[in-house]
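Q: The chain contents come next:
Number of protein chains: 2
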Amino acid sequence: MMRKRIAIDMDEVIADVTPKFLDLYEDRYGKRLKREEYWGKKIYQINGAVELRETLQDKGFFADLPVIPESQEGIRELMEHYDVFITTAAMEFRSSFEDKYDWLKVHFPFIHWKNIVFCGDKSILRAEYMIDDHAKNLRTFQGKGLLYTATHNIHETEFTRVNNWAEVMAFFRKELAV
Amino acid sequence: MMRKRIAIDMDEVIADVTPKFLDLYEDRYGKRLKREEYWGKKIYQINGAVELRETLQDKGFFADLPVIPESQEGIRELMEHYDVFITTAAMEFRSSFEDKYDWLKVHFPFIHWKNIVFCGDKSILRAEYMIDDHAKNLRTFQGKGLLYTATHNIHETEFTRVNNWAEVMAFFRKELAV
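Just so you know, the protein sequences line up as chains A and B, in that order. Going by the working numbering, 167 is the number at position 42 of the first sequence; the sequence numbering is gapless. Going by the working numbering, 145 is the number at position 20 of the second sequence; the sequence numbering is gapless.
To be clear, the hints were calculated from the coordinates, so they are not data collected in a lab. Don't take every hint at face value.
Unchecked claim - Listed next, with one range per pair, are the computed distances between beta-carbon atoms:
| id | chain 1 | residue 1 | chain 2 | residue 2 | range |
| --- | --- | --- | --- | --- | --- |
| 1 | B | K166 | A | H280 | 51 to 59 Å |
| 2 | A | K166 | B | G165 | 54 to 62 Å |
| 3 | A | H280 | B | Q182 | 23 to 31 Å |
| 4 | B | E283 | A | I171 | 20 to 28 Å |
| 5 | B | K299 | A | R286 | 39 to 47 Å |
| 6 | B | D141 | A | E179 | 35 to 43 Å |
All values reported here derive from a predicted model rather than from experimental measurement. Beta carbons: idealized from backbone N, C-alpha and C, even for Gly.
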C-alpha cells in the first residue's frame, strides 16, 4: 500500500524566521519589538518596515535560521509512517535556493533530496496532509490542512490549528490510532 | 471554474540536453556519436561514459541549453487555457537551481515564479496533465501523462507519446475541442 504523504512547509514551521526579523527591525529602528507589538501581523507590516522584507532576497538570509523546537524529532517519527515532503515557496527568492538546500542538509540530513520541493503556488502539490502557516496554501489544498501558528495567522479560524510540534505529533498519533 | 493544470518537465521537453552530452562525449572520446549509436539509451550509458553524468553537477551545465523547438510558442498558447507549471527534478543537482531559474527567466519570461517547481520525486505533484520524458514520473501521476520522446524512452509503450511540440499542441487542441 502506498504510504500517505505529508507536505511540510519550511519557514515558520521548521525554520524560525522571527528572530532574524526582530534583529533587522532593531538594527533599523533601534528598538526590540515585544511579542504583543508584532503578534497578529508580519513584522515587516509594522510602521512601514516593509523594506525589511527585501532582505529575504539577500544571499544568506535563510542559511542560519534556528530550527523550530522538536521539528527534527517530530519529522523523524512521522517518516516511520508517512512519506514526508518539505515543500517551501522558495521560488520568489532566487538567492534562497542553495541556502535552503544546505540548511536542510545540515538540520534534516535524514530527508532525501527526492522529498524536497521548492515551489511557488502550492496548489500544484498532492498529498494527504499539509502543515503550513499560510491559510492561502491550505485553502487550495485537497487533503487535510494543519495551520501552524505564526504571528501573522493567529486570527484564522478556518483550519485545524497546531501551536507547536507537540501538537503536530498529537494530531498524527491520533490519526494513526484510528 | 478552476483551470486545469499541466505539469511540464524541463530537460528533454523544453531544454535540450543531448547536444551538450554529445559535445562532452566527443571531448572525452574523440568521436561524435551518431544518432543510431545513442538512440535508445542515455549517452552516459555508452562505453562506460557514466562519469559524463557527473558533469550534471557542474555550475553552468544547465545555463546554456538550447530551447526545444516550438516549446515557447506552445506553452504560451497552452497558458491561454491552462495553468502551466514547469516541474523539474532539480533537487539531485544543487548547482542547477540558479541556472535553471535564470534559464527560464531568459527563455520563458512569461512563466511566473509561482508556476515553477523544483522537486525530486514527482509523485508529490497534482495536475490534470503531465508532459515528461521519464515513464517513472508518469507512472506515479494521477492525471493524464504524455511521454515526450527522448533517446532513452523510445521503447516505452505504456503512455501516450508525443514526439515534438507540434504533437503536444495537436493533443491539447483535441482536448479543448471535446
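Q: Report the numbers of all earlier hints that the structure fails to satisfy, in ascending order.
A: Violated hints (numbers, rising): 3, 4; every other hint is consistent with the structure.
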